[in-house]
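Enquirer: Here is how the chains run, residue by residue.
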Amino acid sequence: AAGVIQSPRHLIKEKRETATLKCYPIPRHDTVYWYQQGPGQDPQFLISFYEKMQSDKGSIPDRFSAQQFSDYHSELNMSSLELGDSALYFCASSSRLAGGIGTQYFGPGTRLLVL
Amino acid sequence: GNSVTQMEGPVTLSEEAFLTINCTYTATGYPSLFWYVQYPGEGLQLLLKATKADDKGSNKGFEATYRKETTSFHLEKGSVQVSDSAVYFCAVGPGGTSYGKLTFGQGTILTVHP
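Just so you know, the sequences run in chain order A and B. In this text, residue positions in the first sequence follow the working numbering: the first is 245, and each later residue adds one. In this text, residue positions in the second sequence follow the working numbering: the first is 2, and each later residue adds one.
Bound-form chain A, shown alone:
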């Protein structure tokens, strides 16, 4: 079965640079979530989108922005990168059309290292 795809899988940036992370949800999934997992920590919710509209917002820095496109893929844009942004960034997708509780399925993550 098709899974959530994230790209790139690894990214190295310098401080103050920008980064763009991409997420391709499971086909026919309409909701995308972004989470940040620091080293040895649990994933923290950043932001979510349903049908291309922002549906919820967590502890996402103002330097970050995100959007969901017409094909349902999502991009997380990160500017003025700081050392503390080094983390594993997960995207998850779910389907409201399928009913039920909208179980979230996670991608493999993008590991961002800021030097």
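In case anyone wonders, no lab produced these hints; they're calculated from the structure. Glycine residues also receive a C-beta, built at the ideal position from the N, C-alpha and C atoms. Treat the hints with care, since some could be wrong.
Unchecked claim - Rough simulated footprint, nothing fancy, chain A against chain B, three-plus residues with beta-carbon under 8 angstroms:
id: 1; segment: 41-49
id: 2; segment: 102-113
Claimed, not checked - What follows is a list of derived Cβ distance ranges for each label pair:
id: 3; chain 1: B; residue 1: SER59; chain 2: A; residue 2: PRO283; range: 30 to 36 angstroms
id: 4; chain 1: A; residue 1: GLY328; chain 2: B; residue 2: ASP56; range: 36 to 42 angstroms
id: 5; chain 1: A; residue 1: GLY328; chain 2: B; residue 2: LYS57; range: 36 to 42 angstroms
id: 6; chain 1: B; residue 1: SER15; chain 2: A; residue 2: ARG272; range: 42 to 48 angstroms
id: 7; chain 1: A; residue 1: THR262; chain 2: B; residue 2: ASP56; range: 42 to 48 angstroms
id: 8; chain 1: B; residue 1: GLU70; chain 2: A; residue 2: LYS296; range: 39 to 45 angstroms
id: 9; chain 1: B; residue 1: PHE19; chain 2: A; residue 2: ALA245; range: 29 to 35 angstroms
What the hints assert, rightly or not - DSSO-like cross-link-like pairs, simulated, lysine-lysine; straight-line CA separation at most 30 angstroms:
id: 10; chain 1: A; residue 1: LYS296; chain 2: A; residue 2: LYS257
id: 11; chain 1: A; residue 1: LYS301; chain 2: A; residue 2: LYS266
id: 12; chain 1: A; residue 1: LYS301; chain 2: A; residue 2: LYS257
id: 13; chain 1: B; residue 1: LYS69; chain 2: A; residue 2: LYS301
id: 14; chain 1: A; residue 1: LYS301; chain 2: B; residue 2: LYS53
id: 15; chain 1: B; residue 1: LYS78; chain 2: B; residue 2: LYS61
Keeping the supplied structure of chain A fixed, place chain B upon it in accordance with the hints.
Expert: This is chain B only, laid out in the frame that chain A set:
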């Protein structure tokens, strides 16, 4: 908001031992409960879930029962294998027909020795 507390690890077991990882939560209403597993260098995989009180989620020999009276969702497995070595996260999400973020516990590192 919601919160999850997992037993502190790491947990180290011998192969074929019994596993319990405790998880308790605080949430309003009737949340959905999940266990996710993260193998080294990989993403989060859904292990099992339960959506209402007394539901039992099960998968790959792992089980967890939604206990509303004790607000718990403890993970158990009767006989662990080396391949079960991973980090296990308990998570709480919205229930009913709601949709929203997951709140995770701090994770429990499990190491199984031959």
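Enquirer: For every hint, state whether the structure bears it out.
Expert: Hint-by-hint comparison with the structure:
no.: 1; hint: 41-49; verdict: holds (count 5)
no.: 2; hint: 102-113; verdict: holds (count 7)
no.: 3; hint: B:SER59 with A:PRO283: 30 to 36 angstroms; verdict: holds, 32 angstroms
no.: 4; hint: A:GLY328 with B:ASP56: 36 to 42 angstroms; verdict: holds, 39 angstroms
no.: 5; hint: A:GLY328 with B:LYS57: 36 to 42 angstroms; verdict: holds, 40 angstroms
no.: 6; hint: B:SER15 with A:ARG272: 42 to 48 angstroms; verdict: holds, 44 angstroms
no.: 7; hint: A:THR262 with B:ASP56: 42 to 48 angstroms; verdict: holds, 44 angstroms
no.: 8; hint: B:GLU70 with A:LYS296: 39 to 45 angstroms; verdict: holds, 41 angstroms
no.: 9; hint: B:PHE19 with A:ALA245: 29 to 35 angstroms; verdict: holds, 32 angstroms
no.: 10; hint: A:LYS296 with A:LYS257; verdict: holds, 28 angstroms
no.: 11; hint: A:LYS301 with A:LYS266; verdict: holds, 18 angstroms
no.: 12; hint: A:LYS301 with A:LYS257; verdict: holds, 25 angstroms
no.: 13; hint: B:LYS69 with A:LYS301; verdict: holds, 28 angstroms
no.: 14; hint: A:LYS301 with B:LYS53; verdict: holds, 26 angstroms
no.: 15; hint: B:LYS78 with B:LYS61; verdict: holds, 9 angstroms
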